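Colleague: The primary structure of each chain is shown beneath.
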Amino acid sequence: MTATSFALPAPPAAPAAAGLGPRALRNATTEPPWVQRLLIGLALVFMTLFLFVPLATVFFEAFKKGVDVYLAAITEADALSAIKLTLIATGISVPLNLAFGVAAAWAITKFDFRGKSVLLTLIDLPFSVSPVIAGLIYVLIFGLQGWFGEWLRDHDLKIIFAVPGIVLATVFVTFPFIARELIPLMQAQGIEQEEAARVLGAGGWQIFWRVTLPNIKWALLYGVILCNARAMGEFGAVSVVSGHIRGQTNTMPLHIEIVYNEYQFAAAFAVASLLAALALVTLVLKYIIEQRVKHQNRSDGDRAE
Amino acid sequence: MILSRTLLKRHTVLPGFDLALGFALLYLSLIVLIPLSAAFLKTFTLSWGQFVDATTTPRVLASYRLTFGASFLAALLNAFFGLIVAWVLVRYSFPAKRLIDALVDLPFALPTAVAGIALTAIYAQNGWIGQWLPFKVSFTPLGVWVALVFIGLPFVVRTLQPVLEDVNRELEEAAATLGASRWQTFSKVIFPILMPALLTGFALALARALGEYGSVIFIAGNMPMISEITPLLIITKLEQYDYAGATAIAVVMLVASFALLLVINLLQAWARKRQGGL
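Residue numbers (this note's numbering), protein chains in the order written: chain E, 1 to 305; chain S, 306 to 583.
Calculated from the structure, these hints are not laboratory results. Here the structure is a predicted model, which means the values were calculated and not measured. A hint or two may mislead.
Sample of chain S residues at the chain E side, in silico, Cβ under 7 Å [to be verified]: (1) V318; (2) F328; (3) V337; (4) P340; (5) A344; (6) I389; (7) V390; (8) Y397; (9) L411; (10) L415; (11) A418; (12) V419; (13) I422; (14) A423; (15) E477; (16) I539.
If you anchor each label on the Cβ, the simulated ranges turn out as follows [what the hints assert, rightly or not]: (17) N215(E) to F563(S): 30 to 36 Å; (18) V281(E) to G484(S): 50 to 56 Å; (19) F63(E) to P439(S): 27 to 33 Å; (20) F373(S) to P33(E): 39 to 45 Å; (21) R310(S) to Q296(E): 35 to 41 Å; (22) L338(S) to L200(E): 37 to 43 Å; (23) P33(E) to F563(S): 45 to 51 Å; (24) L571(S) to W205(E): 35 to 41 Å; (25) E195(E) to W433(S): 54 to 60 Å; (26) E262(E) to W433(S): 21 to 27 Å; (27) P439(S) to P214(E): 57 to 63 Å; (28) W209(E) to S486(S): 56 to 62 Å.
Think about it this way: if two alpha-carbon atoms lie no more than 25 Å apart in a straight line, the pair counts; the simulated DMTMM-like pairs of lysine to aspartate or glutamate are [stated by the list, open to error]: (29) K294(E) to D406(S); (30) K314(S) to E192(E); (31) K294(E) to E470(S); (32) K286(E) to D410(S); (33) K493(S) to E31(E); (34) K158(E) to D547(S); (35) K441(S) to E262(E); (36) K116(E) to D323(S); (37) K217(E) to D323(S); (38) K314(S) to D124(E); (39) K286(E) to E470(S); (40) K294(E) to D410(S).
Beta carbons are placed, not taken as given, at the ideal position from N, Cα and C, and that holds for glycine.
Use the sequences and the hints to build the structure in full.
Modeller: Rendered as C-alpha cells:
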C-alpha cells in the first residue's frame, strides 16, 4: 500500500512534462480519440445486440398485426384474469417485504449486535437461489406429499396450485430488494439524528416517522418500485407452484408462456409489452429518484459548508 | 427483551430493537430458512447411493455441463464488455449517454419470460439478427448463452462504475509523468484497482446465470442431453412426481450457489479493504 498512498509532488517537478504545457498533461490521462471512438462503438454494439434490439422487438411484435389484435389480446378474459392475479400477488407480497425491509434495516443499521453479518448474508440468500428451487421448497412443505400436505387436504385448504402459493413464491423471490436498498443508505446516515430526537423526548414511532422516514423516502420508494417490477414479472418460482390453471392460477408471465406455446405470438408479445412498459417506467422512476438523491446530497453538502 | 439483553453489544438510547429484529428474524425464518431446510431434509429420505444416482445420471450431468459452462462463458463475456461499457459511461461523453446508462438496468426490471420470447424471436433463423448469422442460435446451446448474457449484463457494469468513478486521477498523472504509456497506466495502475470489483461483478453474473430459468427455456429448445438446463430438469422431475429426485438435484445447485455466495462475500471484503487502502 505504500506505493499507492504517497503524496504527489507538484507537476513541474517532472522535467519531461515541464515544457509540454497543460494540453499534453491532459492527453496523458485520456486515450487518443480513435481509441475512445472504438470503445464507445464496441459498447454500443454490445448494448444494441443484447439490450436495445430485444426491447424494441417486444413492442414491434406486439403491434405487428395491428392495434385491434393488440387490444383484443390484452382484454381477452384469460389475459384479464392473469393481470388481476398478478396485481393481487404483487399487492400482498410488496407490503410484506416492505415491512420486513424496514424492520431489518432498522435493527441492522441503528444497533450493534452479535450475528449482524450472518443476518446480512441470510437476507441476500434468496438472490442466489434459483427461482425454480424457490418454488420447489414450497411444494415440499405445502404440496400433497409435503409436510403439511395431508393436514391441508383434510381441512380443504389449498396453497400449492392456488393463490397463496403464488404469493409465497413471489415473496421469496423479491425478499431482499427493499432491505438491500435501505441498509447501505441508513448505514451511511448513522444514528445521531435519531439519538438527538430521543434525547429531546420523541417516542419510537415518532422518531421513525419524523426523522428516519424523511431521510430514506427516496431509497424506500425505489426499493418498492423495483420489488414491484420483479414481483409482477416473476416466472420460474411462480411457474412451479401455480399449476397453470387457465383463468385461475395464471399470472401475466405464465399467461405469456401459454399463449406463446400456442403460437399466438402477437398475443404473447401484447401482454409482454405491458410488462416491458412497466420495466421502462421502473427505470425512469429510478433515474428521477437518483437525480433527487444527488440534488438532496448536494444541498445537504451546501448546508454543511 | 431477551433479544436486546443477549445480543446487543452496547447500551443504546434508541428503541425498537426487539420489535424490529424479532419481526425480521421471524419473517426470515418462515419465508426463507425453514422452507430452504425442507429441501435438505427431503434429501435425507434418500440413501447416499440413491442421492448419487439421482444427481449423476448422464442426462443430469449433461445439464450441469450446459448450465455451468454457458453461465461461465456468459459471465466472461459480460466481464469483458461490462468493463468497456462502465469505462465508456464513466470516462467519455457521447450522445444519449444518460439514456444508455439508465437502460443498463433493463435486465433487472424486465421479466425473464418477456426477455426470453424477445431474444428467441430476434435470434431465430428468420429473426432480425438471426437471419444474418451463418449458424443457428435459437433452439441451440448458443441460445442459452445469449439469454444468460442478457440477464447478467448489469452486474459487472454496476459493480465497476462506482469504483471507476473513485479512481484517483492523480495516480494516472503520476504514472504518466513517470513515463508510462496509456496502456501501461491502464494495465498496471487502473486495472489492479478495478480487479476486485470486476471479479465480484463476474461472480454475481455467474450466480444469477446458474439459477436462471425464465429467459432460457424459450430460446433453448430444451432437448435432453443437448440444450436442457438443470433448473428445467428439476421441473421435469417434479412433473413426473419424482420429488426426491428433483430435490436431490436442487440441493446440488443450492450447494453450488451457496459456495459462490461465500466467494462473493470474500471478494467484496477484499474490495473494501483495497478501496480503504487507496
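Colleague: State for each hint whether it applies.
Modeller: How the hints compare with the structure:
1. Interface hint status for V318(S): upheld, as the beta-carbon distance to the closest one in chain E is roughly 5 Å, under 7 Å.
2. Because the beta carbon of F328(S) sits about 5 Å from the nearest beta carbon in chain E, less than 7 Å, this interface hint is met.
3. The interface hint given for V337(S) is met, as the beta carbon of that residue sits about 6 Å from the closest beta carbon of chain E, less than 7 Å.
4. For P340(S), the suggested interface contact is upheld, since its CB lies about 4 Å from the closest CB of chain E, less than 7 Å.
5. Checking A344(S) against chain E: minimum C-beta separation of about 5 Å stays under 7 Å; hint holds.
6. Of the supplied interface hints, the one on I389(S) holds, with its beta-carbon coming within about 5 Å of a beta-carbon of chain E, less than 7 Å.
7. For V390(S), the suggested interface contact is upheld, since its CB lies about 5 Å from the closest CB of chain E, less than 7 Å.
8. The criterion of a C-beta within 7 Å of any C-beta in chain E is met by Y397(S), whose closest approach is roughly 5 Å, and the hint holds.
9. Interface hint at L411(S): satisfied, since its Cβ lies 6 Å from the closest Cβ of chain E, which is below the 7 Å cut-off.
10. Here the hint on L415(S) is kept, as its CB sits about 4 Å from the closest CB of chain E, short of 7 Å.
11. Look at A418(S): its Cβ gets to within about 4 Å of chain E, closer than 7 Å, so that hint holds up.
12. Taken as an interface hint, V419(S) checks out: its beta carbon lies about 4 Å from the nearest beta carbon of chain E, inside 7 Å.
13. The beta carbon of I422(S) comes within 5 Å of a beta carbon in chain E, closer than 7 Å, and the hint placing it at the interface holds.
14. Hint status for A423(S) relative to chain E: holds, with the closest Cβ pair at about 4 Å, below 7 Å.
15. Of the supplied interface hints, the one on E477(S) holds, with its beta-carbon coming within about 5 Å of a beta-carbon of chain E, less than 7 Å.
16. For I539(S), the interface hint holds, the least distance from its beta-carbon to any beta-carbon of chain E being 5 Å, beneath 7 Å.
17. In this structure, N215(E) and F563(S) meet the distance hint of 30 to 36 Å, their C-beta atoms being roughly 34 Å apart.
18. Between V281(E) and G484(S) the beta carbon distance is about 52 Å. The supplied range of 50 to 56 Å therefore holds.
19. At roughly 31 Å, the beta-carbon separation of F63(E) and P439(S) lies within the given 27 to 33 Å, and the hint holds.
20. Range check, F373(S) to P33(E): about 41 Å between beta-carbon atoms, so the 39 to 45 Å window is met.
21. For the pair R310(S) and Q296(E), the beta carbons lie near 38 Å from each other, so the given range of 35 to 41 Å is met.
22. A hinted range of 37 to 43 Å holds for the C-beta pair L338(S) and L200(E), which are about 39 Å apart.
23. As the Cβ distance of P33(E) to F563(S) is approximately 47 Å, the hint placing it in 45 to 51 Å holds.
24. Judged by the Cβ atoms, the range 35 to 41 Å given for L571(S) and W205(E) holds: they are separated by roughly 39 Å.
25. Checked against the hint of 54 to 60 Å, the pair E195(E) and W433(S) passes, with Cβ atoms roughly 59 Å apart.
26. Separated by about 23 Å at the C-beta atoms, E262(E) and W433(S) satisfy the suggested range of 21 to 27 Å.
27. Checking the proposed 57 to 63 Å range against P439(S) and P214(E) shows it holds: the Cβ atoms sit about 59 Å from each other.
28. Roughly 58 Å separates the CB atoms of W209(E) and S486(S), a value that falls within the hinted 56 to 62 Å.
29. Restraint check for K294(E) and D406(S): satisfied, since their Cα atoms lie roughly 16 Å apart, inside the 25 Å limit.
30. Of the supplied pair hints, the one linking K314(S) and E192(E) holds, its CA atoms being roughly 18 Å apart against a limit of 25 Å.
31. Proposed proximity of K294(E) and E470(S) is supported: the alpha carbons are some 15 Å apart, at most 25 Å.
32. At roughly 10 Å between alpha-carbon atoms, K286(E) and D410(S) fall within 25 Å of each other, so this suggested pair holds.
33. The hinted pair formed by K493(S) and E31(E) meets the criterion: a straight-line CA distance of about 15 Å does not exceed 25 Å.
34. A C-alpha spacing of about 21 Å is found between K158(E) and D547(S), which places the hinted pair at or below 25 Å, so the restraint holds.
35. At roughly 23 Å between alpha-carbon atoms, K441(S) and E262(E) fall within 25 Å of each other, so this suggested pair holds.
36. A distance of roughly 14 Å separates the Cα atoms of K116(E) and D323(S); the hinted pair therefore holds under the 25 Å criterion.
37. A C-alpha spacing of about 23 Å is found between K217(E) and D323(S), which places the hinted pair at or below 25 Å, so the restraint holds.
38. Between K314(S) and D124(E), the direct Cα distance comes to roughly 24 Å. Compliance with the 25 Å bound is thereby established for this hinted pair.
39. For the hint pairing K286(E) with E470(S), the CA-to-CA distance comes to about 20 Å; that is within 25 Å, so the pair holds.
40. Note on K294(E) and D410(S): the hinted pairing holds, with a Cα-Cα distance of about 19 Å set against a maximum of 25 Å.
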